[in-house]
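A.B. asks: Sequence:
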Amino acid sequence: MNTLRNSVQLIGHLGKTPELITLEKGRFVAKATLATHETYTSNNGEHITNTHWHKLVAWGPLAENMSKILEKGTAVLVKGKLVTRSYEDKNGIPKTITEILVSDFMKMKKEQVA
Numbered sequence: 387m388n389t390l391r392n393s394v395q396l397i398g399h400l401g402k403t404p405e406l407i408t409l410e411k412g413r414f415v416a417k418a419t420l421a422t423h424e425t426y427t428s429n430n431g432e433h434i435t436n437t438h439w440h441k442l443v444a445w446g447p448l449a450e451n452m453s454k455i456l457e458k459g460t461a462v463l464v465k466g467k468l469v470t471r472s473y474e475d476k477n478g479i480p481k482t483i484t485e486i487l488v489s490d491f492m493k494m495k496k497e498q499v500a
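First residue of the sequence shown: 387, per the numbering used here; consecutive thereafter.
The set of hints was computed from the structure by calculation and includes no laboratory data.
Just so you know, not all the hints are guaranteed correct.
Computed cross-link-like contacts, DSSO-like style, restricted to lysine-lysine with a CA-CA straight-line distance of at most 27 Å [what the hints assert, rightly or not]:
{"#": "1", "residue 1": "481", "residue 2": "454"}
{"#": "2", "residue 1": "493", "residue 2": "454"}
{"#": "3", "residue 1": "411", "residue 2": "495"}
{"#": "4", "residue 1": "458", "residue 2": "495"}
{"#": "5", "residue 1": "417", "residue 2": "402"}
{"#": "6", "residue 1": "496", "residue 2": "411"}
{"#": "7", "residue 1": "417", "residue 2": "476"}
Using C-beta positions, here's what the derived DEER-type ranges look like [said to hold, decoys possible]:
{"#": "8", "residue 1": "432", "residue 2": "473", "range": "37 to 45 Å"}
{"#": "9", "residue 1": "405", "residue 2": "484", "range": "35 to 43 Å"}
{"#": "10", "residue 1": "410", "residue 2": "432", "range": "23 to 31 Å"}
{"#": "11", "residue 1": "474", "residue 2": "430", "range": "42 to 50 Å"}
The beta-carbon is built from N, C-alpha and C at its ideal position, and this holds for glycine as well.
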């Protein structure tokens, strides 16, 4: 049950090819962005689509696999959890960022994603 407390599952398209970074001691991290879309009809009958961008982070062998299999525009299902971290930018201004720590992914066919 604890895995349900912070669980995210999204289907969308990658905004960029995952960037694979090799850290000290040979550890891997991959970073990418995922676009999800929601469409609705306004009161005046106009179809409106909103796009939401999500930052993805994966570690270890999963990061390697993402960088080998996925590329910009790929339709993908990702599972993971939300993580929030804080840092100071180069001007010393505090920033907070929320990312999805990916635990699993599945490449999909474009026609599977509405």
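A.B. asks: Each hint needs a verdict: does it hold in this structure or not?
C.D. replies: Now the hints, each set against the structure:
1. 481 to 454: Cα-Cα ~31 Å, so violated.
2. 493 to 454: Within the cut-off at roughly 11 Å; holds.
3. 411 to 495: Roughly 36 Å separates the two Cα atoms, so the pair is violated.
4. 458 to 495: 14 Å, holds
5. 417 to 402: 9 Å, holds
6. 496 to 411: 37 Å, violated
7. 417 to 476: 21 Å, holds
8. 432 to 473: 37 to 45 Å: 40 Å, holds
9. 405 to 484: 35 to 43 Å: Violated, at about 18 Å.
10. 410 to 432: 23 to 31 Å: 52 Å, violated
11. 474 to 430: 42 to 50 Å: With a Cβ separation near 45 Å, residue 474 and residue 430 satisfy 42 to 50 Å, so the hint holds.
Violated hints, in rising order: 1, 3, 6, 9, 10; the structure is consistent with all others.
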